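A.B. asks: Single-letter residue listing:
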Amino acid sequence: MSDVTNAETQAATLGEDTAPGETMIELQELTKRYPGQETPAVDRLTLEIPKGEIVVFVGPSGCGKTTSLKMINRIIEPTSGHIIMDGEDVTTIDPNQLRRRIGYVIQQIGLFPHIRVGDNVATVPNLLGWDKDRTRARVDELLDVVGLPPDQYRERFPKELSGGQRQRVGVARALAADPPVLLMDEPFGAIDPITRTRLQNEFLRLQEELQKTICFVTHDIDEAVKMGDRIAILQEGSRVAQFATPEEILTNPANEFVEDFVGTGATLKRLKLTRVREVEPTEALTGIVDEDRDVLRRRFEDSEWTAMLLLDEQRRPIRWLRGTDLRSSRPVTEVGVRARAIVEPQATLSDALEEMLLGAAGVAIVVDKRGAYQGLLDVDDIITAIQTMKDAQAEFYRAAKLVDPEAEGAV
Amino acid sequence: MSTTLTPPDAQDAARRQVARDEDAASARRDRRANVVRYLGMPIFLLVVLVGLYLWVSGQELDSIEARTLTMDNLLGQTRQHITLTVYSTFFVLLLAVPLGILATRPKLRKYAPAVIGLGNAGQAIPSLGLLALLFYIFRTQPALPSTGTFPVVVSLVGYSFLPILRNTMVGLDQVDRFVLEAGRGMGMSNRKVLRSIELPLAVPVVLAGVRTALVLNVGTAALAFLFGGGGLGQTIFSGFQLRRTPVLLTGAILVAVLALLVDYLAGLIEEKLTPKGL
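Listed in order, the protein sequences are those of chains B and V.
If you read the first sequence in my numbering, its first letter stands for residue 42, the second for the next number, and so on.
If you read the second sequence in my numbering, its first letter stands for residue 35, the second for the next number, and so on.
Worth double-checking, as some hints may not be accurate.
[As the list claims (entries may be wrong)] Reference excerpt, derived from the structure (chain V facing chain B, CB under 7 angstroms, subset only): (1) F184; (2) V188; (3) V209.
[To be verified] The calculated SDA-like cross-link candidates involving lysine to any residue, where the alpha carbons are at most 20 angstroms apart (straight line), are: (4) B:K410 / B:E324; (5) B:K200 / V:I77; (6) V:K306 / B:R157; (7) V:K306 / B:K410; (8) B:K200 / V:I159; (9) B:K200 / V:P132.
Hint data in this document are derived by calculation from the structure and do not stem from the laboratory.
Keep in mind the model is a prediction, meaning the values are calculated, not measured.
Just so you know, even glycine gets a beta-carbon here, dropped at the ideal spot from N, CA and C.
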């Protein structure tokens with residue numbers, strides 16, 4: 042009876058937010074045994090990676106997650122087992138041909154230090170023999186996509202970039218020939234926390250458009266929860282302890298190992314599951330920088346607000362203005378305080394909360410991808426979101442226990 | 035792109051102006067430093083040569099000295115000296131660089147210590163001893179000439195083999211393995227990785243070895259005259275044997291100038307061939 046319940050709820054959770062997609066990569070009994078070692082580093086790993094999803098391999102160090110990833114593009118050759126990609130067995134084909142179809146991003150980035158950023162990005166197109174114009178257009182397009190204006194960055198050398206910029210170039214290089222599959226080995230691991238959060242958000246936004254099939258390795262469960270459509274929690278020898286959506290893993294860990302690995306603070310981690318765009322932002326009192334000051338002041342005085350958010354011509358937030366600021370004679374761009382705590386829609390509530398706590402105003406300003414103002418988010422919004430999640434969770438467990446068709450319908 | 039876009043304000047502009055001024059100032063400093071670096075050594079060597087000439091001209095030379103210190107004689111020996119150095123450097127590069135590359139390939143890696151050991155032995159033997167040894171060996175082989183350019187070049191190759199071999203291996207070894215992994219991960223063949231990543235990145239270290247070897251060869255070639263190879267060693271030695279200080283000094287200073295000049299030229303080449311961005 043209880044087995045049925047488990048299977049059913051699992052199927053329900055999986056079916057909920059993922060369309061029944063095709064499998065892009067199938068790992069069959071993939072094994073790596075190093076000579077002279079008793080136990081295999083990867084022991085018969087079998088996994089199906091759906092098309093267009095980010096699957097995160099996460100586990101303690103030494104569990105074989107990186108080895109597993111590197112067997113997919115055969116940087117490490119498997120001892121036995123098969124890799125099926127898009128229906129084709131690629132276990133024995135020419136590895137160089139295979140790798141040109143797979144984007145590869147590693148923690149150490151591995152940019153070629155002696156060639157310029159543009160040529161780094163052009164690596165795979167050059168290997169594939171694209172003509173110059175096509176390659177150049179593609180390089181510029183990609184540098185733009187990762188937020189490095191091509192005219193400024195194309196001719197630079199890697200050492201002239203910051204760590205975050207280098208990793209952007211690394212991502213652009215991996216995407217150059219538009220491979221359907223990306224392998225990412227702790228891509229944001231060596232980057233400072235603020236830049237890492239930013240890169241993660243940007244990457245998620247990018248993935249929304251690109252819909253690549255991505256294998257992503259990390260040792261950080263928080264990153265896994267944030268980045269993954271699905272998470273494979275791996276134990277020693279790359280044995281799969283649980284392979285499920287982040288929600289499923291946080292609410293319904295398969296065993297003690299998963300529970301321990303996910304650790305405490307599951308509620309706070311769930312904040313990383315909810316994106317800013319899923320919460321309705323509140324409207325603020327706003328004014329545009331080129332509006333007449335008297336108009337601004339009247340609007341402020343007619344409202345209940347204690348401050349007004351000043352936007353520039355592109356509706357990007359610039360400053361917070363108070364009553365005294367509006368009455369002073371100095372230009373509006375010089376009074377008040379600079380608007381901080383700005384978050385994009387794909388940032389998580391956890392990011393937003395952090396920004397709020399750091400900023401003085403106690404609110405986060407939500408902007409779209411061009412930086413234009415969308416609304417405000419305050420601590421109350423987040424508490425409401427947590428409450429909603431808790432209710433859903435309680436509901437979920439009740440449904441799982443009762444297997445009551447009505448209760449299940451309520452989920 | 036940035037989540038914390040802030041409008042540029044007056045302070046930023048001022049800071050940028052300061053930064054530009056600093057850049058311009060440092061560029062001026064760089065240019066001045068460059069003049070010293072590029073012209074310092076040739077000017078110094080020229081001064082030494084002119085000084086030597088004036089000093090020798092001011093001496094009252096006896097017949098032996100006058101016979102040894104003719105322009106023809108010295109130029110001929112210098113030419114021989116350069117020929118020996120160039121030949122031996124050419125052949126040692128031809129041998130040691132490919133061997134260094136082979137010895138660092140994964141499949142042959144296990145032989146690397148043996149190769150290094152061989153090179154070490156070559157350099158551990160004193161240069162004169164190595165020359166004598168080769169001379170002796172060549173004499174027992176009727177097919178091989180035991181005097182002249184050939185045995186000298188062979189022994190110079192043996193002697194300068196190690197620095198080039200070792201630097202080739204070290205140069206290839208120090209290439210960041212993640213850079214190589216990225217290259218392989220994008221589908222570069224092993225040969226392509228070697229040609230477009232490993233070798234360019236190893237160039238600075240390999241060339242440092244070449245520079246060392248060149249200077250060593252200029253010095254060791256001074257012993258070539260013992261085996262009929264000619265070179266400036268002749269002048270040094272006759273000055274020494276005949277106790278003619280002007281002759282001894284002229285030979286010694288010419289060898290030193292040649293060594294410094296070769297080092298300077300090799301430095302220029304090294305700078306030219308080192309990839310930008312490193």
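A.B. asks: For K200 of chain B and I159 of chain V, compute the direct alpha-carbon distance and say whether it is at most 20 angstroms.
C.D. replies: At roughly 43 angstroms apart (the allowed maximum being 20 angstroms), I159 of chain V and K200 of chain B break the hint.
A.B. asks: Take the shortest C-beta to C-beta distance between V209 of chain V and chain B; is it under 7 angstroms?
C.D. replies: violated, 9 angstroms
A.B. asks: Are K306 of chain V and R157 of chain B close enough, with their CA atoms no more than 20 angstroms apart?
C.D. replies: holds, 17 angstroms
A.B. asks: Hint check: K410 of chain B vs E324 of chain B, CA-CA at most 20 angstroms. Holds or violated?
C.D. replies: Satisfied, since the Cα-Cα distance of roughly 18 angstroms is no more than 20 angstroms.
A.B. asks: When the nearest CB of chain B is found for F184 of chain V, is that gap smaller than 7 angstroms?
C.D. replies: violated, 39 angstroms
A.B. asks: Need the status of pair K306 of chain V, K410 of chain B: alpha-carbon distance at most 20 angstroms?
C.D. replies: violated, 45 angstroms
A.B. asks: Holds or violated: are the alpha carbons of K200 of chain B and P132 of chain V at most 20 angstroms from each other?
C.D. replies: Given pair K200 of chain B, P132 of chain V is violated - Cα atoms ~30 angstroms apart, limit 20 angstroms.
A.B. asks: Run the distance test for K200 of chain B versus I77 of chain V: straight-line Cα separation, threshold 20 angstroms.
C.D. replies: Roughly 35 angstroms separates the two Cα atoms, so the pair is violated.
A.B. asks: May I ask you to test the interface hint for V188 of chain V with respect to chain B, counting a Cβ-Cβ separation under 7 angstroms as satisfied?
C.D. replies: With a closest approach of 36 angstroms, the V188 of chain V hint is violated.
Taken one by one, the earlier hints fail for this structure at numbers 1, 2, 3, 5, 7, 8 and 9, listed in ascending order.
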